[in-house]
Amino acid sequence: MSGEQNAQEAQWAKWRSVADLYHAFFTGLILTAVSRRGTTDAAEFVFRVFRRQQQERFLPGLEKLGLSHLPPAVAAAQYHYLSNWIGGVHVEYMYETDRKAWIRYAPPRWIWRGTAICGVPGEVSRAMLRGWHANNGVALGNLNLGFVCTKQSVDGQDGLEGYYFEYDQPLELDQRLVFARHLEAPLFDPATAPALPVTSWPKPRLEKAYRNYAMEYVKTAGPVMVQCFGPEDAGYLLHLTGKLIGMQYFDEIARSFAAGRGGAKEFVAFLRILFESQDDAVEISESHGKFEIRQQTWKLMADVGDYHPACTSVLWGLFEGLAAGCGRHIPVHLKHTVGGKAPFVWSVG
0 MSGEQNAQEA QWAKWRSVAD LYHAFFTGLI LTAVSRRGTT DAAEFVFRVF
50 RRQQQERFLP GLEKLGLSHL PPAVAAAQYH YLSNWIGGVH VEYMYETDRK
100 AWIRYAPPRW IWRGTAICGV PGEVSRAMLR GWHANNGVAL GNLNLGFVCT
150 KQSVDGQDGL EGYYFEYDQP LELDQRLVFA RHLEAPLFDP ATAPALPVTS
200 WPKPRLEKAY RNYAMEYVKT AGPVMVQCFG PEDAGYLLHL TGKLIGMQYF
250 DEIARSFAAG RGGAKEFVAF LRILFESQDD AVEISESHGK FEIRQQTWKL
300 MADVGDYHPA CTSVLWGLFE GLAAGCGRHI PVHLKHTVGG KAPFVWSVG
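First residue of the sequence shown? That's 0 in numbering that gives the first Met the number 0, and the numbers climb one at a time after it.
These aren't lab readings, by the way, just hints derived from the structure by calculation.
Take these hints with a grain of salt, some might be off.
[Stated by the list, open to error] For lysine to aspartate or glutamate, the following DMTMM-like pairs were computed, each having C-alpha atoms within a straight-line distance of at most 25 Å:
1. 340 / 275
2. 207 / 40
3. 202 / 215
4. 207 / 173
5. 264 / 319
6. 207 / 279
7. 334 / 278
8. 264 / 278
9. 207 / 231
10. 207 / 97
11. 298 / 282
12. 334 / 291
13. 298 / 40
14. 13 / 282
15. 150 / 40
16. 298 / 55
17. 99 / 173
18. 264 / 19
19. 202 / 251
20. 298 / 215
21. 207 / 251
22. 340 / 282
23. 264 / 275
24. 63 / 215
25. 150 / 97
Build out the structure end to end from the sequences listed, making use of the hints.
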């Protein structure tokens, strides 16, 4: 393998670690909402996150994936198969007819990573389906299209599965998501599954899309949490989640960054790689063992229309937690920001 190939592989490994960090943050945020706000509030939060993503991403995604010409049920199911496959999600697609197509999220579930699945109430998982799957027909302008859920993994079944079905009549709001637990999806045949065209989805694009898939959930979740719970409560929940996840994941992320534990110097070196790996520009200076980091951009939230300064708690919590994972007594402070937007000035040490 050439030096250029080695450098590219190393870059992709860093992107995947960033994806893991934001993936964990999003899952952790849902669990924090469950444990601090209760099941009903957590379900409303999840519903709002997935409805917002569905409204922002579903129709443009159909175009990007070349699915817009397909029958509604088939297009919706293939969208879930391909878009989730890009993000590293275990997913299956089974065509039955032009009006009926299955989707199955096989174990292990991406969104409820590891032991997290044990802390997710069924109501919260159902909220995801209400937010996205139940609204695809509306987005397509076809009110006859609904989703029938046959299994839920958080209820102890072997995956989340169901099928899109185009009925003979328009569906009322409460008919767009129904449950049929007595049914089971047909077996998945990879040979008949849709595939992305290699020419338009080369390896570098797929690796960046893998990273962005996880980051997009946090981009959506921060503002939605502020709108659901208000900036004070949302700021607390975002900061707490970030700190917990940062502490838990520092070692795992640091391995791919070729970084290690230590003091402020080692942590700042880690942060530099993290910023670079999420496409943010920074300037770092040192004086008497203390570091100042001028974060010029926060691309993740740059184009969020309803951005609130409380969303900075995402970064502040993560940085505090990652610092604690790196070593004891590494203080991290946000020194300066205007309107809660970049540029940010951080002090470390």
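Hints, one by one, checked against the model:
For the proposed pair residue 340 and residue 275, the alpha carbon gap of about 18 Å is at most 25 Å, so the pair holds. For the hint linking residue 207 to residue 40, the alpha-carbon distance of about 33 Å lies beyond 25 Å, and the restraint is violated. Annotation: proposed proximity of residue 202 to residue 215 holds, straight-line Cα distance about 20 Å (limit 25 Å). Simply put, residue 207 and residue 173 have alpha-carbon atoms about 38 Å apart, too far for the 25 Å limit, and the pair is violated.
Between the alpha carbons of residue 264 and residue 319 the distance comes to roughly 15 Å, so the proposed pair stays at or under 25 Å and holds. With a C-alpha separation of about 14 Å, the suggested pairing of residue 207 with residue 279 holds against the 25 Å cut-off. A threshold of 25 Å between alpha carbons decides the hint, and for residue 334 with residue 278 the separation of about 22 Å falls inside it, so the pair holds. Note on residue 264 and residue 278: the hinted pairing holds, with a Cα-Cα distance of about 21 Å set against a maximum of 25 Å.
Pair hint residue 207 plus residue 231 does not hold up; C-alpha atoms about 33 Å apart against a cutoff of 25 Å. Using a Cα cut-off of 25 Å, the hinted pair residue 207 and residue 97 is violated, with the two alpha carbons roughly 33 Å apart. Between the alpha carbons of residue 298 and residue 282 the distance comes to roughly 16 Å, so the proposed pair stays at or under 25 Å and holds. As the CA atoms of residue 334 and residue 291 are separated by approximately 9 Å, the hinted pair is consistent with the 25 Å bound.
In summary, the hint linking residue 298 to residue 40 is not supported, as the alpha carbons are separated by about 29 Å, beyond the 25 Å threshold. A C-alpha spacing of about 20 Å is found between residue 13 and residue 282, which places the hinted pair at or below 25 Å, so the restraint holds. The hinted pair formed by residue 150 and residue 40 meets the criterion: a straight-line CA distance of about 23 Å does not exceed 25 Å. Simply put, residue 298 and residue 55 have alpha-carbon atoms about 17 Å apart, close enough for the 25 Å limit, and the pair holds.
As the CA atoms of residue 99 and residue 173 are separated by approximately 19 Å, the hinted pair is consistent with the 25 Å bound. At roughly 24 Å between alpha-carbon atoms, residue 264 and residue 19 fall within 25 Å of each other, so this suggested pair holds. The hinted pair formed by residue 202 and residue 251 meets the criterion: a straight-line CA distance of about 24 Å does not exceed 25 Å. Annotation: proposed proximity of residue 298 to residue 215 holds, straight-line Cα distance about 11 Å (limit 25 Å).
With a CA separation close to 19 Å, the supplied pair residue 207 and residue 251 stays within the 25 Å bound. Only pairs whose Cα atoms come within 25 Å are accepted, and residue 340 paired with residue 282 is accepted, the gap being roughly 16 Å. About 17 Å separates the Cα atoms of residue 264 and residue 275, which keeps this hinted pair within 25 Å; it holds. With a CA separation close to 17 Å, the supplied pair residue 63 and residue 215 stays within the 25 Å bound.
Annotation: proposed proximity of residue 150 to residue 97 holds, straight-line Cα distance about 22 Å (limit 25 Å).
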